[in-house]
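Residue numbers (my numbering), protein chains in the order written: chain Z, 1 to 285; chain E, 1001 to 1338.
Don't read these hints as lab results, they were simulated from the structure.
Computed from a prediction, not measured in an experiment: that's the story for all the values here.
All C-beta atoms, glycine included, are put in the ideal place defined by N, C-alpha and C.
Mixed in with the good hints, there may be bad ones.
Stretch by stretch, here's where chain Z covers chain E in the computed footprint (C-beta under 8 Å, at least three residues) [what the hints assert, rightly or not]: (1) 1045–1058; (2) 1124–1138; (3) 1284–1294.
Listed below are the simulated SDA-like cross-link pairs for lysine to any residue, each with C-alpha atoms no more than 25 Å apart in a straight line [what the hints assert, rightly or not]: (4) K1077(E) x Q1163(E); (5) K1290(E) x G113(Z); (6) K1290(E) x H117(Z); (7) K1132(E) x S173(Z).
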Amino acid sequence: MFYLIQLLNAVQYGLLLFLLSSGLTLIFGIMGVINLAHGSFYMVGAYLTYGLAKWTGNLWLAIPIGVAIAFAIGLLLETTIVQRLYRRDHLYQVLLTFGLILILEELRSIFFGDEVHGVAVPEVFNYSLPLTETLSYPVYRLFVTAICLFVAIVMYFVIHRTRAGMMIRAGNSNREMAAALGVNIPLLFALVFACGVALAAFAGAIAAPITSVAPGMGNQVLILCFVVVVIGGIGSINGALLASLLVGLADTLGKVLAPEYSGVAIYLLMAAILLWRPQGLANRS
Amino acid sequence: MTHITLPHWFLLAAVLLLALVPLGATTFYLQLGAKIMIMAIFALSLDLLIGHTGLVSFGHAAYFGVAAYTLALITPKYEAASFWLTLPAAIAAAGLAALAIGFLVVRTAGVYFIMVTLAFAQMLYAIFHDTKLGGGSDGIYINVRPELTLAGFTPLDLESPAQFFYLALILLIAVYWLLNKILHAPFGRALAGIRVNEQRMRSIGFPVFAYKLGAFTLAGAVAGLAGYLAACQFGFVNPEILAWHQSGMVLMMVILGGMGRLHGAVIGAAAYVLLQEFFSSSALFGAYAKHWQLSMGALIVIIVLALPHGVGGIIDVAWRRRGYRQARNNGIGENGNG
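Given these sequences and hints, build the entire structure.
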């Protein structure tokens, strides 16, 4: 039973990572931009949810409004700043998005302070499923798992079965050719970037009641996303899904087996994958 | 005849000027100056990777931090450790960490390399942060600075800000000289070749992997020297010194000064440290001084968008224009650049 709980936690964590890393890997695959600020958007989502939930008193209102605001921020950033990075060297993309992290982190400090906040779990889900006499599992975590799965399925459907998804795939495999065939690349890029930001913010929003809303939460999660993207292979959504689950599993197992060294488990996994398949699990060399 | 160009005279003048600083400066400026020179050594080591080998490492603070922790861990609690023992140990530890991590990361290229170097640096951060090994998130105090003795007497007392300033200056010059020598040696030329066209270097028969790993290790060791000096100066280490903010900061220094030029790294380090002092000055910014990263972040964004070659790039462009004008006036073509 104990291991079932850990397994459920691992899957929930892995799926949450997938929401984040799929945005990161799509933005890289399609626009060739490495976005360090991706973790900061996770933070933005969590803090917006915290602020809006406090203001409106309703989490179900706070999450969609927060995600919408994040989408708008994404559009604004893409059209004013990120757009200019497409043809630049990765080095400058890293530097500029690093600057964005500093800005977002300080804005967070100015508007919300440096304390750790909590978001209450909504009434409907605020109970635990008893598994044995002593162990139980919080329903909200199951809800998060279900939501993540739902979003992943919707994303799969959009990318593989709709016209917009076709354009995204075309842009991913060959930007110039897609443009030549009449795809409105600037618009597509702006939308994909904003969607990536909104996904990250959404992940932050639904994770807020589980984890605490704290400074530095974005940076921690960004590194995990990098590990996921490196393991899965850049630009691959399927690879990101597989790698997210693996990282979720490794992290949870590490916490159970060697708590003090749990932070190292995922990096060992990454080192092993690098030795075995430097191009990632899903990409062919 | 040795070929001494005008920039070299500038360099010499700058060094002489710096050597005179301790005669008239207060402790605050001595410490600021030493900090700039330490950061310059750090930036030089990263420039070897980014500007000269084409490897964009985003985890360079790891080696800086490993060396700093090495000093903190081998210094006894109430007495001074030997400079001659701790310095090589710290540099060796940083170099070994770079060798081990480099062995894994140098296989990757481009954006993978950026992410993987960052991830491994965070791994070291997690080790120092989560385990008891390095005092956890509180870090370790170095109560007594290392003792630099030579045949029974102490030429430089590291507890004195002025003498520490000289030590930093001497080591900065030594690193600059060493890297300059290496870059002009066959090893450095091979690195330049790898930066420009790795495939070609491989097909000519250069062991590209070994060269890159060598550069990565050397850069890690030199970063270790900077980390050692920083730990000496502040008398304190904590996990934040190998966090990625530090890696981003040193990257910013290299870009600010213009990469691929050794003097650029030094200029960039000075510019960054002074800017940080400026933005975090509460006399100028009042209550917002503690949010100095906001101004720094905005400046980074502006610099990336507006100055693709860094601040050093402006100087270079001005320099080259001057060169062209001179050449045109003299009626001869532009001769080889130094």
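Return the numbers of the hints above that this structure violates; sort them in rising order. 7
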